[in-house]
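Number of protein chains: 2
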Amino acid sequence: MRIVLDGMGSDKFPDPEVEGAVIAAREFGDDIILTGDEARLRPLLETHLKSATDAKVEIVHAKDVVEMGDKPAFASRQKSENSMAVGLQWVKDGKADAFVTMGNTGAALTNGLFILKRIRGVKRPALTVLLPTRKGRAVLLDIGANADCKPEYLLQFGIMGSVYARKVLGIENPRVATLSNGEEEGKGNTLVKESAALLKKSKLNYIGNVESKEFFAGEAEVVVTDGFTGNIFLKTSESVASFMSDSIRENIVKSPLTTLGGLLVRPAFAAIRKQMDPTEVGGAPLLGLDGIAIVGHGRSNARAVRSAINVARIAAKEKLLDAIRAELAAQLSEAELAEAGNE
Amino acid sequence: MRIVLDGMGSDKFPDPEVEGAVIAAREFGDDIILTGDEARLRPLLETHLKSATDAKVEIVHAKDVVEMGDKPAFASRQKSENSMAVGLQWVKDGKADAFVTMGNTGAALTNGLFILKRIRGVKRPALTVLLPTRKGRAVLLDIGANADCKPEYLLQFGIMGSVYARKVLGIENPRVATLSNGEEEGKGNTLVKESAALLKKSKLNYIGNVESKEFFAGEAEVVVTDGFTGNIFLKTSESVASFMSDSIRENIVKSPLTTLGGLLVRPAFAAIRKQMDPTEVGGAPLLGLDGIAIVGHGRSNARAVRSAINVARIAAKEKLLDAIRAELAAQLSEAELAEAGNE
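Residue numbers (the working numbering), protein chains in the order written: chain Y, 1 to 343; chain Z, 1 to 343.
This is chain Y alone, in the form it adopts within the complex:
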């Protein structure tokens, strides 16, 4: 398998990318292609490789870099040879099986739409994550690609998310729910109510609304929401988790006895951290693009880069795109499939 990795995406690029690429190439035996400034990437790569045959990591030069402050549209048009665009082009041309970046989500989406285009019938790609629940993991989408959504988008998120749950979590008929401010039917804002009506009529295993509590209880395997709400949900989860960890740490060191206790409970905390850890969860696919594109966290370390590469490999190995194409064809009418392309 060949995975192309944006070498210039993370907040601390290119160190996490180069090291992560070497780790992944060694562990998985895949070819990793790093895109970016060759003059920076090459010497760094040399320091990580133990021998000429240690890990199959290539470098493809890309002269432009998407900066954090760049507007996504600017980045994809004016910087057409940015490290994302060069990588995505490799996927488009069939020279790589999947693309991975730790860069700006907006730029990845804009570059992705420009180069890979959408799968036929898809109205909007959705940024999709797997989150831990009490019963395992659940798929949440959209977590940030589309701040404003229409009910038809949420229906499609349900279709694509169900395929993802089947392929990645191995769940044959995943339960699909709308994230809402109440479980009862009729709860929600206008978008949720209208989306619920569409989902109910669909062939999906739609179970209605879930609140955050039911999400974490694992009552659905696929939860759909607009990208604004999904982003707030995800970031609130992360923030509360670290707010609590910090508070626990501060309260523990306040007395000698609790400090001792803190040392003893350390293994328990390590287990939880691993479960909640974004570096273990890996990257988020932009489902709906006509090519596998995975976005990892900007704060990723090498380990998190390796996890994002693993998400890409699994998606490619499971032929995720073919499955999404088949499912859209099965659930949408020919008119709906043709219509999306004109939006």
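Any given hint might turn out to be false.
Identical copies look the same in the list; a pair holds intra-copy or inter-copy alike.
[Claimed, not checked] EDC-like mimics (lysine to aspartate or glutamate), calculated; alpha carbons at most 16 Å apart, straight line:
#1 LYS187 <-> ASP70
#2 LYS135 <-> ASP246
#3 LYS71 <-> GLU185
#4 LYS201 <-> GLU185
#5 LYS56 <-> ASP31
#6 LYS187 <-> ASP148
#7 LYS117 <-> ASP290
#8 LYS71 <-> GLU184
#9 LYS213 <-> ASP246
#10 LYS95 <-> ASP290
#11 LYS135 <-> GLU250
#12 LYS193 <-> GLU183
#13 LYS123 <-> GLU334
Just so you know, the hints here were simulated from the structure itself, not pulled from any lab data.
Assemble the complex: chain Y is given as a structure, and chain Z must be docked to it using the hints.
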């Protein structure tokens, strides 16, 4: 001071209400008026009172009860003598200074709008909470009164929330922010972008967008959002906190050493629980109603009922409504003040 308390609101009514009323009456020396089914309330009250002068708690009979499954509009119209309506009428008639319920938020809002009406100029009342942050506490609104909002509502939430922060937290010129999916200007969905433009032009101390992380870091004292997003934010915070607590507990009891450690860190956890505990945080005012109305959690125990009563007392003592009236008059034009009444 006289506080009227819905005796039939909580999930386990009327026990928490009756006990909470007695605790509050004793602690604060206020008169508490319990509304509801006198035949149920009276004997329960007798069991809690140690003497005839122990605590000043009266009972006012209300023949109807708002059930959990009742539609709010039905509850307020068909059950016009429900325990909420009777209590709100006491506030309306000037016989009590504030109203408190642990019941359904939707029914409290509908009953409140019907009986108390809105403060002149207010388009929509907002359910408002104080949440803990790293720097103290912050006001968040709306957390559930209005699932769909317009930019003008968020501007008004900013005005009312600023008054609340000044009166309750003692912050003279609170920083106001919009909850968004990114801090940078221009981030957000359409509602956030349009609200930001209005807030920027206002006399409020508007600092722009905050994400969940900045919320908990205490970067703003007032954070405005639509009731759907605010509700998701609040419930996600609660869910993650209890998800983490449960995970910590389960991981701690897995080995004898971590179990011992768990016993030693117990005081540290108690401190955090107290900080995060909804029974300590108390009730949420429906800001914008022309009368003080506080909604507590359905799962409240007596201690939480007492906290909600305390929120009501402080609002009344601080003359919150007069301050909101004055601030709306200072920040809105005469046309805007007159217009809201016609909506």
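Now for the hints, and whether the structure bears them out:
1. Taking the closest pair of Cα atoms, LYS187 and ASP70 come within 16 Å of each other only across two copies (13 Å); inside a single copy the shortest separation is 39 Å, beyond that limit.
2. In the homo-oligomer, the alpha carbons of LYS135 and ASP246 lie at most 16 Å apart only across protomers (13 Å), although the nearest pairing inside one protomer, at 26 Å, exceeds that limit.
3. Only between protomers do LYS71 and GLU185 lie at most 16 Å apart by alpha-carbon distance; the minimum there is 12 Å, versus 40 Å within a single protomer.
4. Taking the shortest Cα distances, LYS201 and GLU185 sit within 16 Å of each other inside one copy (14 Å), while across copies they are farther apart (39 Å).
5. Taking the closest pair of Cα atoms, LYS56 and ASP31 come within 16 Å of each other only inside a single copy of the chain (5 Å); across copies the shortest separation is 78 Å, beyond that limit.
6. Only between protomers do LYS187 and ASP148 lie at most 16 Å apart by alpha-carbon distance; the minimum there is 12 Å, versus 19 Å within a single protomer.
7. Taking identical chains as interchangeable, the C-alpha atoms of LYS117 and ASP290 lie at most 16 Å apart only when both belong to the same chain, with a minimum of 6 Å there against 54 Å between chains.
8. Proximity of LYS71 and GLU184 under a CA criterion of 16 Å is satisfied inter-copy only: 11 Å between copies versus 40 Å inside one chain copy.
9. Taking the closest pair of Cα atoms, LYS213 and ASP246 come within 16 Å of each other only across two copies (13 Å); inside a single copy the shortest separation is 22 Å, beyond that limit.
10. In the homo-oligomer, the alpha carbons of LYS95 and ASP290 lie at most 16 Å apart inside one protomer (14 Å), although the nearest pairing across protomers, at 67 Å, exceeds that limit.
11. In the homo-oligomer, the alpha carbons of LYS135 and GLU250 lie at most 16 Å apart only across protomers (14 Å), although the nearest pairing inside one protomer, at 30 Å, exceeds that limit.
12. Taking identical chains as interchangeable, the C-alpha atoms of LYS193 and GLU183 lie at most 16 Å apart only when both belong to the same chain, with a minimum of 12 Å there against 29 Å between chains.
13. Within a single copy, LYS123 and GLU334 get their C-alpha atoms as close as 14 Å, which meets the 16 Å cut-off; across copies the closest is 45 Å, which misses it.
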